[in-house]
Each structure stands twice: as structure tokens, then as C-alpha cells.
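4 protein chains.
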Amino acid sequence: MNHYSKIFSKYLSDDAMEAVIADEALIQHMLTFEAALANAQAQLNMIPLKAALQIEAAIRQLSLKPTALAASTLQNGIPVIALLAHIKTKLPDGAKGHLHMGATSQDVMDTAQVLIIKNALEIIETKTSVLIKQLTKLSKQFAKTPCMAHTRGQQALPITFGSKVNAWLQPLQRQLHRLKQIKQDLLVVQLGGAVGNLAAYVKKGPLLNKLLAKKLQLQPAASWHTQRDGLAAFTNWLAMHTSIMGKMGADVMVMAQSEVNEVTENVTGGGKSSAMPHKNNPVLSEALVAIAKINAGLQQQMLLAMLHQNERDATAWILEWNALPQLLNYTATALTHAVSITTNIKINAAQMLANIEKFKKAIE
Amino acid sequence: MNHYSKIFSKYLSDDAMEAVIADEALIQHMLTFEAALANAQAQLNMIPLKAALQIEAAIRQLSLKPTALAASTLQNGIPVIALLAHIKTKLPDGAKGHLHMGATSQDVMDTAQVLIIKNALEIIETKTSVLIKQLTKLSKQFAKTPCMAHTRGQQALPITFGSKVNAWLQPLQRQLHRLKQIKQDLLVVQLGGAVGNLAAYVKKGPLLNKLLAKKLQLQPAASWHTQRDGLAAFTNWLAMHTSIMGKMGADVMVMAQSEVNEVTENVTGGGKSSAMPHKNNPVLSEALVAIAKINAGLQQQMLLAMLHQNERDATAWILEWNALPQLLNYTATALTHAVSITTNIKINAAQMLANIEKFKKAIE
Amino acid sequence: MNHYSKIFSKYLSDDAMEAVIADEALIQHMLTFEAALANAQAQLNMIPLKAALQIEAAIRQLSLKPTALAASTLQNGIPVIALLAHIKTKLPDGAKGHLHMGATSQDVMDTAQVLIIKNALEIIETKTSVLIKQLTKLSKQFAKTPCMAHTRGQQALPITFGSKVNAWLQPLQRQLHRLKQIKQDLLVVQLGGAVGNLAAYVKKGPLLNKLLAKKLQLQPAASWHTQRDGLAAFTNWLAMHTSIMGKMGADVMVMAQSEVNEVTENVTGGGKSSAMPHKNNPVLSEALVAIAKINAGLQQQMLLAMLHQNERDATAWILEWNALPQLLNYTATALTHAVSITTNIKINAAQMLANIEKFKKAIE
Amino acid sequence: MNHYSKIFSKYLSDDAMEAVIADEALIQHMLTFEAALANAQAQLNMIPLKAALQIEAAIRQLSLKPTALAASTLQNGIPVIALLAHIKTKLPDGAKGHLHMGATSQDVMDTAQVLIIKNALEIIETKTSVLIKQLTKLSKQFAKTPCMAHTRGQQALPITFGSKVNAWLQPLQRQLHRLKQIKQDLLVVQLGGAVGNLAAYVKKGPLLNKLLAKKLQLQPAASWHTQRDGLAAFTNWLAMHTSIMGKMGADVMVMAQSEVNEVTENVTGGGKSSAMPHKNNPVLSEALVAIAKINAGLQQQMLLAMLHQNERDATAWILEWNALPQLLNYTATALTHAVSITTNIKINAAQMLANIEKFKKAIE
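Residue numbers (this note's numbering), protein chains in the order written: chain A, 1 to 364; chain B, 1001 to 1364; chain C, 2001 to 2364; chain D, 3001 to 3364.
Because the hints were derived from the structure by calculation, they are not lab data. As the structure is a computational prediction, the values presented were derived from the model and not from experiment. Some hints could be false.
Chain D residues, not near chain C, derived (Cβ > 12 Å throughout) [as the list claims (entries may be wrong)]: (1) Leu-3044; (2) Pro-3066; (3) Gly-3097; (4) Ile-3123; (5) Thr-3126; (6) Leu-3157; (7) Val-3195; (8) Leu-3207; (9) Arg-3228; (10) Ala-3233; (11) Asn-3261; (12) His-3278; (13) Asn-3348; (14) Lys-3358; (15) Lys-3361.
Here are the simulated EDC-like cross-link-like pairs (lysine to aspartate or glutamate), alpha carbons at most 16 Å apart as the crow flies [said to hold, decoys possible]: (16) Lys-358/A with Glu-2259/C; (17) Lys-1006/B with Glu-2024/C; (18) Lys-3360/D with Glu-1018/B; (19) Lys-183/A with Glu-122/A; (20) Lys-2358/C with Glu-122/A; (21) Lys-2006/C with Glu-1018/B; (22) Lys-1215/B with Glu-1056/B; (23) Lys-2180/C with Glu-2125/C.
We put the beta carbon where it would ideally sit given N, CA and C, even for glycine.
Hey, can you work out the whole structure from these sequences and the hints?
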């Protein structure tokens, strides 16, 4: 939320995800919400069609920079007040009162967040599929390659390298299955009005919710202003995703360790040292382990954010603003690295065998 | 794991759950595993029937105290070695070699853990059902009782007390739905052998896994020694459960605050102070909030424990031993308190109305 | 707080510390507080000397079991109400009003907690001194023993084993220095009265605070009911202590890894496996790593507990009750294990040299 | 590390601190290190003076953008390799070998980090002094203003508003005292060479360390590549700082609550709602509470990062890269907001009194 490093932008961040979570995207989604809301309200005769068209036109014209919202966000603890004010500068007076009609800031921001998640999921699902494919390939290719198992840091008995790969692959397959259910409570519109009861819309509230959802290609939902379980279930899924890859990274690191020497993370040459030219560091695996730990901490924040007091609670909400984009970006980064590892890893089957032989002698 | 307070045993612990997670239960489940394993192996002609019967008889006779395992657990980092030694003291020499045949300590301990979880879930599901029933009742009873909403710590606009209750109820209903899927990867047997590949059983491994699972009333499963996603998905569910109740506790606390005075946590008289006889403290709600924060931290541990390196990793496994029983006990405790609150809460509808009226004047 | 395992009582708990943090100790300290308070108040002519003597006598007679406080702790969220009621059963009517005069539950409990910490520190400091001594010895003994350094999981360049030991030793030495300052804000009495301002004592408050502190061998202090910085600074010190030992455990694990084989954690034979008789698992080092992670999570709770709202906040206070005893016990356990490792570790200097030679060939 | 929002840049970030932790600053400090190292080495006759002058000149000329380091950072897991390559493009061949002589990447990066911390501390100390001054003023001004205390969410007994302010002030005063000691292990140079033993410098290592430290206005220190206790002690101090201000935020929120109405966070008008024009939300206090929770999580990361395996461990180091800048920025942000609150808060002493009177009636 409050620090970004271009230096580390390829190592601890993901290009494609950065665009999805960017301020510019958040603004665009908030504008999309306001346009769709007006459009839906016109369709249900809640505001004049003319006003809706004027609102849509104003939003199309608007070129709004993130910095333009910063001062008002400090003042109000949300960017929506400034966003609406900027739209209104492009609206005739008669239409101003029809903008954002009956909605509350949290409706805009939560829905925009969901639209970000939707786009983020496209990246995450695509990358996960690629990773699963690569791991499946590795698992088959090395299904019969003997390799020493280690339990509690010690050589145990031989297994195959394929079965090691399976331990990385199978949880990811279950993750895809889990995601299906998680999406149901996740890709939903937020529209509750000031205090969550759609009061301003009288009887048309549920209809409007449904129509707005449709326009935004989301599912309708009763207001979840204070019910953050759908989000926390999803972010735990993200943290589990990076923990699964973190285990893979930890395994690669042991196998790449000089004395073990069973794999090389990057066949084309891994990380170099400024002091030791012979080094070939498994730098992507290290990132996988670190990212898993970071995401575990961020998931704890999301669980704390479920303690959303009363009908709106920024002491909780801010935790989500902070944690969610980082969780998404770190997950995408881990996926990119995991795919990279599975593409470039060099398997030293001869050494695997040699380690087994040496072990057999040692325990004779 | 390493501290229990009888003083706080009713406030921050749950009787029924204590029995489920107790050492005695863990030992019993481990013994059950060994008996069922021998029994299944005899059925599949992997060990002599006579040996299996002797093993079962020995286990029936055995009265094993937790302290009897402590020294060996320090020595070996697991209690299973001592457990097996104790069983063997009751076995004829000829049967000793057939005990625990082809299995590894983690098979025993993980399966025992799953059997604990199975029993824990009975408590948790029963209590959750009661809580849902109570909340449903409250939600209907006060569906039209006006009550002030608060956003960002400030009075906002009137809603109903029923809708406040709904914000506690609806996530719990979704939790039941989530649990169905979570159970699929959770209530499964662990049987992988020394390094997870069932090698000692040659071709009979999968059959044995299936039969053992059936005997233990669990589902069969490929070895998940190093794949802890099923556990972490479940414990996140637990942490979400307590966060949902934590939000309820936080809400009750605000409404019970002297200046708001809209509810009294306990109509029969709440917490007293040693210094101030007039106090009526919402002590159960406070516990709900605190428990939510504790469980959020424990879920982070479970996510870290997914970084299970190699084929067995006690630096990760110990985290589960520490976190899981606490998560179960805190969740049961929160449920007990939440049910208690919903049973004994006193709703002051007149004050709710008065607060709304006062507010209307204030913003005129 | 709500789970203790006798099975793991030697592996993940410490005998001596258990006694220090036990319910029985907490009760004893609370009784000591009440007796000392009465005694000090009599000395300052705030209550009759006779009443003080009766209170001291009653407390001496009292045999109070932890379970006797459980029901009231559930009712009131604190055990002090029941504790006072039990003392009063031994008091003549005329003395009852002089018991706990002007004090509040938090005064009793916080001071009792501090007395626990004081005793805990004796254990921790003694064990730390032993550990420092052992490490100093090892560091000198192997000051010139060549040993390969690893950076980022790869062999780097030779150092000495002594310098590895120094990396475990030096932070512990700094810890002793840090502890001196931390104690200043830690070993202080709590006496603030109902709302922290000693109001009930009118002008004698500060004098009473000083005298009570003296009797309890603590330092006097303005009420810190809601100022938990002294505690959090101390618990961070504990978590740092276990992280330092966790790094040692992690290092030992790599060196004990079969392929590296430079040390054996326990020369007399380490952890065994139920499936693999050849194993010699570094089970104490594993515990050191796991404990470090657990304590890091508990320190986060202590930081959250500093968000102590208003003049008393059990949503924060409960976090301390949960975290502090565990932090103390895990720290003592880690120290016991670390001392054990440094006593029993076997250094394989020949293998260290062989690994260096092999490495030199590899990078030629 | 991987997300920054301009929208929230004034609410959840601090301008001045952003500049201190920026990539540009990190690069500048790394360059400063290399120049000072060459300079010191020339002074000690370890490299030719001419080479040192050429290195300093090259560094002065170099204009290096953060993005120019990103690809190499992905490749090597550190930006130093690219940094050195860029410097070398400006160096005559004869000087290239004298650049970064005997140093390792971690020397550069850790020292640069310390230089960032040094600058960050100037901001933090200045802001803390201002805050302490403001709180002292408030504390005196309202030393006798009666105000109701709340314990466990309920009205307790009257205290003064001044004593409430003292509970925010006193811990900050102790923090200043703590900082003095913490700085001793913190503002130190890192110079250990490839594996921490200054081997490349033979006997001149300690002299060089001292001279380099002097040039950078830091203290000399034995290599602390793997000893991260100084950092973790400091970051806990930061997290404690934000927890202290979080308690202040939590208190202001209760007092600003409509039904209590004892303070208004911002006399000139606080946060507005997009739906409810009457709102005056205490948005800075909310941020203080949220920031405290975020920093508590980041401190846990720093404790995990102390598990720095072997002689360099990026799975730990990355955690610091991620957590430290955020901790610094959130701490500065909290300080800015806390100063802002103490400047603009409106104290409603009449209402404080009215609440006390109303309470007295209620408990009669």
C-alpha cells in the first residue's frame, strides 16, 4: 500500500498484476460502478434516462489522476467524495443529484475491489493452469527417477523425483476445486446504501441490485458491508497457494544445495554473487519461501479485518486495502517464479542415484 | 500446547472440547489406528490373523498414561516410538514384528489428529446449529425494531436490530455450506509409510489404505504427509468462525456501552468489578473479540506449517501440534459464549428508539 | 492458556517454568499482593493494624484451588472477585471491608503477572548464562576449525566453525545488555485503583504505591493499567531470544543433514524413527526453529494487546493472559534445548575439511 | 514493497518518509557505500589512490534509474551486481578490479538500509518530539477537566481528561529513553565480505571497518550478516510506537462516538460520507488503529527474519526488504496523524461533565 520498489519490481512483483491492482484500475472500476448504477436506475425509472446518459457521458470524458484524490482521501478517509466531485464538474446541474443516488462509498469501493479481484483471478487461474501443466509433465517424466527422501532433515529412504513433484502438484489441483466454491461468495456486487439496507431505493432495492450486478458481470448479493467472510475465504486461498509454492521452493533449495546437488534451479545459470563468481543461487525458490511467509501474515490481517464493528469500520477496512493488493501481487509473482522454475530446472538424475548409493553404504 | 489454566477453564476454554483434544484422546486414537491397521493387514493377508488378534488384545489391555510418553517424545520428537514399545510389552515375541507394519509415525499421529478433528467437528457443528437457531429467532423477533446504525464510529441512519443480527447470522450460514467442501479433504486417513509411497506394502498399499480408512470411518487418501492444505483450509474456517463471532462481540460491546445502553449482555447480571459494584461488564463479548484475534494468529501458524520441507519436517509439524488444539478449543469456547449471549441478552428497544430520536434532533 | 499436553511436556515445555506460570503460582502471587497491600495500608494508617493482621492470617490459612475460581472467572471475566470472596470466608466481619481496600482487580492481576515474570527471569537468565558459557567454550575450541560457509543455500567460501558459533553467541550477549534496560519498566508494581488514579487513597496513593512495591520487592510506578509498553518490550526480548536460538537450530539442521554430515546434534544418539532405525534426527534443533516461529506470533499478540482501549480493556488484556505464559515457557524450553545441544553436539571436523576440499575441486 | 497507492498517499503514507525509503535513496546510499569503501581502502593502501578517485568520479557521474536494476535483481536476487556493472561502465579498465574490493552484496545493501534508517529516525524523532510537546500541553490544559473513565466498555468512575492524555504521553516518553539504547546496535556499518570474516582484507579488516564507518557517520561493527537482532529490536520499537498511538486513536474514537460526544477529532470538520452529510468521521484515529495492527504483523515478519540460516539467507532477508520500509512509513504516517489530531481536536468539557452527571443518576 505505501511502498513500491522498481528495483525489486521483477523479483517481488508481477507486471501483469500491477496493472490490475493499480490506482488507475481502481478509479476506472469506481467510475464503471457509477455509470452502471445510473444506467440501471434509469432502466428501473428511478432516475431520468437523460440524467443517466449525462452521467455516462461525463464519466467517459473524465480523465482522473490518482493524485487528484489524495487530499480528499486524507480528509474523508475514502476517495469516493472527491471522485464524485470530479464527475460532477462534468455534469449539468440538473443531473448532479442523480449521480451515486442512494449508494454509499463502500458500495463503490467494495464493488471496485471485486472487479479488481475478478481480473486478478484471470491472471492467477491462467498461471496456475500453466504451472499445473508443467508439474504434470515433470511428474510423468521423472516418475521412475530414484531420488532420496528426507525426513526431519535426514536422508530417509529412496522415492522418485516424480513423487516429489506430485507433492507440489496435488495441492494445486485441489486448489482449483476449492476456488469454484470460493468464487460464489466472492464475485458479487456490493450495493447496500448508507447503512446496508437499500433504504433509499424503497422496494426497488433488490431489483436494482440484480440489474447492477448483471451490468457489471457479477452476481447480485445482499449487502455485505460488514460481512467479510467471502473475502477472507478467498485470501486464505491465495495464502495457501503461495504456501504450496513455498514448499516447492523449500524443496528445490535443499536439492540445489551444493552437497546434495540433485537439481539446478536454472539450467541457464541462476543467481550470481558480487563476491563469489562460482555461485548459482536458487533465487526464485528463495522468493517462493519468503512470499509464502509474507502472505501468511497478510491473511492474518484479513482475518482481523473480519472484526468489522457496527455498520462500517475503517479500522478493519483499511487492513483490507493494505493486504488485498499485496496478496494478489505476491501470489501472481510466486506463480510466475514457480512456472519459471519448472521450465528451467535441471534435474541431475545421476547425482540423485549417487546420493542413494552413498547412503546405502553409510547405513550398511 | 504448553499452558493450561484451570482458573480460566470456563472463560477461555470449553469442557467438552478439552476432552476431545486431551492427551488421553490422542493416545486412544493412536492405539485405535494401530489396532485397525493390524486388523486390516490381517484381512488382506499381509500379517497373520493371529498376530492381529494379539495386537488388538494387547491394545485393549494397555492403560497408557500421557506422562509415560514424555521422555521418549523428548528423545525422538514424537510419542509413537514409546507408544509402540508400550504395546510390545503386552505382545508375544512372535507378534512384535507385525505391529505398525510398514507404517510411519506420521501415519499414526496425523490419523489420530484427524480423528480428533472429527470429534471436534461434532461439537462445533452442534453448537453452530444452536447459535444459528438462536440468531434466526432474534432476527425475526426484532425484524422491525428500529435501531441506530453506526458507520466509522458515528451514528449514521436507523436500521433495525434484526438487520444487525442478520450480519452475525448470514456468514454463519455460509460457513455451514463451506464446511461441506472442506470436510472432503479433511476427514481422510493418513497412511503413506516411511516416505509416503506405501513402499512396504508393495502392490497392496492402496487396498490397505482403503480398508484402514473404512475401519476408522474416514475417507481413503493418497499420502498427505507433506501436503497440509486440507488442514489449513479447515483451520481458516475455524478462524473465520471466531472472527464472525468476534464481530458479534464487538457489536454487542458498543450497544452495551453505558452511553448507548441498547442491550445488556446478560439480563441476569454480567461481569462484576472488584472495585465498582455498579458495573455490568459484557465479559463474554470481550472474550469473543479476543478469541478472534488469537485464532487469526494461530491460522497464520497453520499457513506457515504448509511450508513442510522434504518428506517430513518437524519445524512445520510442531506448529500444527501447537496451533490446532488451541484453534479447536477457542472455537468451541466462542460458540459456547455466543450461544450464551444470544440466550441471555436483554434488548432495550425503548432506548434504541430514544437514541434515534435524540440523533434526529442533533442533526436537524 | 487452554491446552497443555503431558505427552509433549518435555519436548515443548519446561518443568521449572511450568511451576512459575502455574495457576497455583498466580493465586499465590495474588494472595501475596492482598496481604502486602493490607500490611502497607496499616503501616500508613489507612486501615487498622488489627484488620491487616487478620487479613494476613486469613491468607496464610487459605488453601485455594484453581478450579474454585473458574465459575466466577466465567461470570466476571476475572478471578479476583472469587479470590476476595474466598479470603473473606476466613475473615471476621469487621475486617472484610479493609481487604483489597481501594484496589482494583487489575492491580492484583498485573502485579501477580509481574511477580511471575520476576521468577521466570531467574530461570531465563540462569539458563542464558549457561548457554553463553557453553557457546563461548565451543567458539574458542573450534576457533580455527575450517568449515564451509553457505550463502543463499549454496557453498560459499570456508570460514571456521568457531565463527559460526559466534553468530549464535554474540546476539545473546547483546540480549543480556538489553535486558538490563527492559527490566526498569517491567519489574514494577501495579496499583492504580478502580480507574488508575489512586483516587481512593486521596493523598496517600503515591506513598502506598512505594511501600507496597518495597514489600513485594518491585519498583514503584504510576498506574500502567492501559500502558502495556513495558510488557511488550519484554516479550519482544523473549521472542528475539527464541529467534536467536532458532537460527542456531536452523544452522545445526543444515550441518547435521546427511549429505553435509558436519555435526551430529546428539553424540549419544538423537531422534529415532518408528520406520527407519538408521535415523538420527536433530529433534531439538527442529524444536528451536518451531518455537521461534510460535513466539514471533505471540509477540504480535502482545503488540495488538497494547491497543488497550479506555481505562481497562479485556479484549486486549486476554491476549496477554494467553500469550505471556506461553512466551515464557517456550523461551525456557528453547534455552533448555539449546544448552542440551551445545552439551551433546558432536563436531565432525574431518568432514568439515572434506567438504571444503570437495568444494574446491568442484569450482576449479 | 509491491504496491503503492497515490490515492491513499496522504492517508496511509507520509511524504517525507517516502523520499527516505525510495529506490532513489537506496541507490544513492549504495553508491555512497562503494565510494566510501574505495576511499577508505585507498587511505589504508589497499587499493591505489588513483583507482579510488576514479571510482568516486564514476559514481558522481552516474545517473542510475531504479528500473535499470530490475532485470538483474530478478536474475540474481539482489540489485548489487547490476549496480556494480553500471559503475564499471564509467570506469577505466584498470580501476574496475578495485571497485567493491573484498566486499559482498550484503555489505552494500545492509549498510544502505542502515543509512535509510538513520534518515528515517530524524523524521520519526522530530515528529515524536512534536507529539510529546502537544500531548504535554493537552495534559496540562485539561489536568482538572473531569471526564468519565470506562473499564471493560462500561462507564466506571470519573477521572480527568488530562489523565487520559497522560496514558498516551507517558509511553512515548519511555520510548525516547528506549531508543537511545536501541540505536547503539542499529546505526552500525555492515562490512563482512563474502562470508562475514573480512577474509579478503587479511589483517586490515577491522581498521577498514572502522574507517568506513567513520566516513559514513556510523559506528563500526563486527559483521552482522546473520545477526539481525539490532534490526528486530528497532522494528519492535516502531511497532510499539504505532501501538501507543493506536491506543490513542481507539480512545479518541470512543470519545468522539455520537452518544458520548466528548471530543471531535477535527474541529474544522472531519471525514464526510458520500451518503450522509451529517457525518464527522474520526478518520485519522481510525488510521492510527489500523496502522498499529499492520505494524504488529510486520514486526512478526522481522522476528521470523531473524531465523537467518547459514551465512546468508534470502528467505529471511526478503522479509526485511518487505517489512522495514513499510514499518518506517506507517510509523511516520501515524505520527503525522497523531500530531494532526492533537492540534485539531475539540474538547467538549461540558459534555464530559454532563456524561458524569447522567451516570451518577443512573447508578443512584
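Results of checking the hints against the structure:
Listed as outside the interface, Leu-3044/D is consistent with that label: its C-beta sits roughly 22 Å from the nearest C-beta of chain C, beyond the 12 Å cut-off. Remark: the non-interface label on Pro-3066/D is consistent with the geometry, its nearest Cβ contact in chain C lying 23 Å away (cut-off 12 Å). With 12 Å as the threshold on Cβ separation, the claim that Gly-3097/D sits away from chain C holds: the shortest Cβ distance comes to roughly 18 Å. Once the 12 Å rule is applied to beta carbons, Ile-3123/D is consistent with being away from chain C; the minimum gap is 21 Å.
The beta carbon of Thr-3126/D sits about 21 Å from the closest Cβ of chain C, which is more than 12 Å, so the claim that it is off the interface holds. Not every beta carbon of chain C lies more than 12 Å from that of Leu-3157/D, the smallest distance being close to 5 Å; the non-interface claim is violated. Residue-level check failed: Val-3195/D sits 4 Å from the nearest beta carbon of chain C, not beyond 12 Å. Non-interface call for Leu-3207/D relative to chain C: holds, since the shortest CB-CB distance, roughly 19 Å, exceeds 12 Å.
Distance to chain C contradicts Arg-3228/D as a non-interface residue, since its nearest Cβ pair spans about 8 Å, not more than 12 Å. Not every CB of chain C lies more than 12 Å from the CB of Ala-3233/D, the least distance being 7 Å, so the non-interface label is violated. Interface exclusion of Asn-3261/D from chain C stands, the closest Cβ pair being 16 Å apart, more than 12 Å. The claim that His-3278/D is not at the interface with chain C holds, since no C-beta of that chain comes within 12 Å of its own (minimum 25 Å).
Under the 12 Å C-beta cut-off, the non-interface status given to Asn-3348/D relative to chain C holds; the minimum distance is some 17 Å. For Lys-3358/D, the requirement that its beta carbon stay farther than 12 Å from each beta carbon of chain C is met, with the minimum near 17 Å. With a cut of 12 Å on Cβ distances, Lys-3361/D stays outside the contact zone with chain C, its closest approach being about 19 Å. Among the hinted pairs, Lys-358/A with Glu-2259/C is consistent with the structure: their alpha-carbon atoms are about 9 Å apart, no more than 16 Å.
About 10 Å separates the Cα atoms of Lys-1006/B and Glu-2024/C, which keeps this hinted pair within 16 Å; it holds. At most 16 Å may separate the alpha-carbon atoms for a hinted pair to count; Lys-3360/D and Glu-1018/B exceed this at roughly 44 Å. Straight-line distance between C-alpha atoms of Lys-183/A and Glu-122/A comes to about 12 Å, which keeps the hinted pair within the 16 Å bound. In summary, the hint linking Lys-2358/C to Glu-122/A is not supported, as the alpha carbons are separated by about 48 Å, beyond the 16 Å threshold.
Our distance criterion of 16 Å between C-alpha atoms is met by Lys-2006/C and Glu-1018/B, whose separation comes to about 14 Å. As the CA atoms of Lys-1215/B and Glu-1056/B are separated by approximately 13 Å, the hinted pair is consistent with the 16 Å bound. With a CA separation close to 11 Å, the supplied pair Lys-2180/C and Glu-2125/C stays within the 16 Å bound.
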